[in-house]
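Hints in hand, dock the two standalone chains.
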Amino acid sequence: MAYYETRLRVDLQNSEEVAEYLNTCEQVGITNLIIEPLTSEFMITDAIKNQIQSLTNIKIYFRITMNPRNLKEFNRKIQKFNNFKYLLAVESSNKRIQLKASKDSRVDILTFSNIRKIKSISKGVLSLLSQNNTYLELSLSPLLINNKSEQSRNFRITYRFMERVLNSRVKYLLCGDAPSRFCLRNPRALISICVSLLDIPIQKAKMGFEKYPQTLVKDKFIKNDTQKFGNGFKLIGGG
Amino acid sequence: MKIKERQRYILFQIIKKKENMKVKKSIFLKTLWSSIWRYFGLKGANKMGLWLVELNNKNNYGILRVSQYSKEMAISALTLIKNINGMPIIFSTVKTSGTLKSLKKNNRIE
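Heads up: the protein sequence lines correspond to chains A and B, in order. The opening position of the first sequence corresponds to residue 1 in my numbering, with each subsequent residue numbered one higher. The opening position of the second sequence corresponds to residue 1 in my numbering, with each subsequent residue numbered one higher.
Chain B with its partners taken away, still in its complex shape (with noise of 0.2 Å):
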């Protein structure tokens, strides 16, 4: 019997010092992976199941989908993050839900 991994779909809004700083896919996935290897190391990295779903600079908010037992692992990671390329920020996490259209619904986002 197949047992599909369970997702969590994490919302998280941007707060930059500079407004009009965008923050890259690519720069934003390489500082979350080096603070999920900081934090986690590999075991915790096997587990996470980490994928990028947005990251919309113009209204300063991401979505990630990661797997359901590591979603605190993944805050965790978010949080931790202090900045990017020298640039202070602050990812904050705002909602989790189980689904990626409930999670929009709710939120408001298109």
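This is chain A alone, in the form it adopts within the complex (with noise of 0.2 Å):
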């Protein structure tokens, strides 16, 4: 099974802490992976992509995460962005960035990763990214804290949205998201928890770790290649 792990944020200027998490990810049986920098500004060079791949033998992509504060600061940041061949994740909790971003076609992910923006999901932003073919990512981090009173509640407004999600006809990812490196944990392991404690089927949660995330990176694949138009188009002579 070709579980994703969609979202590792890791200082990638550190060869060392990058290879202990390759180690670690190794080591917890992730197989396909998707890097981000800490900042949005950091440029991913074919340099330091050829390094950390020759690095492990886990499949590797990379993204950044925008972290627009408002409107403005976002319609900057996103003209940086045109023809980008990584994935391009916004996040935000402010909604009329999420409205803008989930319109835009060169963002690929709307990500949620605290439960602050979690709980400002609407349906007028589901409605848009299943329209607008844009991913929508769920971060299960505020599911593994220490803190009871807060696990509680953060259970209880993940299972909430998430339900509404399974309702819509978007696109989503599940990730780990793991703050630190011995928060990582086994996609299939993470199944399991969204299976039991969020009342997810089993298959509905499955595509998120694995049927979604696939289809994403193959559209970014087909999005990059200059011979194809789209799915099941591709130039062949002339033009």
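If you are wondering where the hints come from, they were derived from the structure by calculation, not from laboratory data. Take these hints with a grain of salt, some might be off.
Claimed, not checked - Which chain B residues face chain A? A few, computed with CB under 10 Å, are given here: (1) A45; (2) K82; (3) T93.
To be verified - Taking lysine-lysine and the PhoX-like style, the derived pairs with C-alpha atoms no more than 20 Å apart in a straight line are: (4) K148(A) x K30(B); (5) K206(A) x K95(B); (6) K123(A) x K103(A).
For every residue, glycine included, the Cβ atom is placed at its ideal position computed from N, Cα and C.
Structural data, given as structure tokens:
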């Protein structure tokens, strides 16, 4: 089973830290990993990409996450990402930014990593995401905290919003989003948590870790390939 | 007619911060049961049918036996353990199987 861990935040300039994280990912059994640098201003060069890939047998993909504070900043920053070859995610609790990002074709993922942001998901955003083939990403890291009362509240909120997401037609991603090395978990174990504690049917949970990340990565390759216009179309000659 | 409850064997790997740290069986079981009680309560604990078959500190693995329908609960409870006696630790499930023999054979465990 090709399960994906779709978000791992690492300092890409610190090769020791990257090697430690990748070693732990291998031990835990992650086979496909999407890494992101700590800041969105970081330039992912081919040299860094090749260096990281040479450290491990895990298939590695890259992404950048933008955290704009307001709509003006979003409009300014998104211009740097025209023809961006890696995955681009936007994270914000501001509804106007969410609506704008879900309509923008440069944005691949709309991500929600903490409870405050998960609570800001609205029906309108879900509808726009499903219409524009943008993925919604929910992080399971709020469920793995130590404080019992906060953890219980986080479970309740995630359960409620996951129900809403499953009832809509939006494509969703589920990720561990580990804040530290010892919070990394095998995606199959996270599926068990979704099934037993969030009441998500097992097939739906598997889609969030397997099918949708696969189609996301495949869609990105098709977008990057100038010979292809979309699913099922390819330039064969002339033009 | 007697209906036997089917079992599932769960092989898990132990990933420790310090390699020489030993995880005692009693402490592991105490931590696992407290995790089961915390997330699934009395009702979940009743259904579990939990038995620790093996805990090998040298090769960093363990085998649990649970009832068939509580496999996902057992894996969740194991996954949600973050530390033992304050030391960060990961219990990562590797494989589940219906028989101990096939689990050991397929994962090259003696």
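Structure-based check of each hint:
A least Cβ separation of about 13 Å between A45(B) and chain A goes past the 10 Å threshold, and the interface hint is therefore violated. Contact between K82(B) and chain A, as hinted, is supported at the beta carbon level, the nearest pair being about 7 Å apart and thus within 10 Å. The closest approach between the C-beta of T93(B) and any C-beta of chain A is roughly 6 Å, which is under the 10 Å cut-off, so the hint is satisfied. Distance hint between K148(A) and K30(B) is fulfilled; the C-alpha atoms sit about 18 Å from each other, no more than 20 Å.
Annotation: proposed proximity of K206(A) to K95(B) holds, straight-line Cα distance about 17 Å (limit 20 Å). Of the pairs offered as hints, the one joining K123(A) and K103(A) holds, with about 14 Å between alpha carbons and a cut-off of 20 Å not exceeded.
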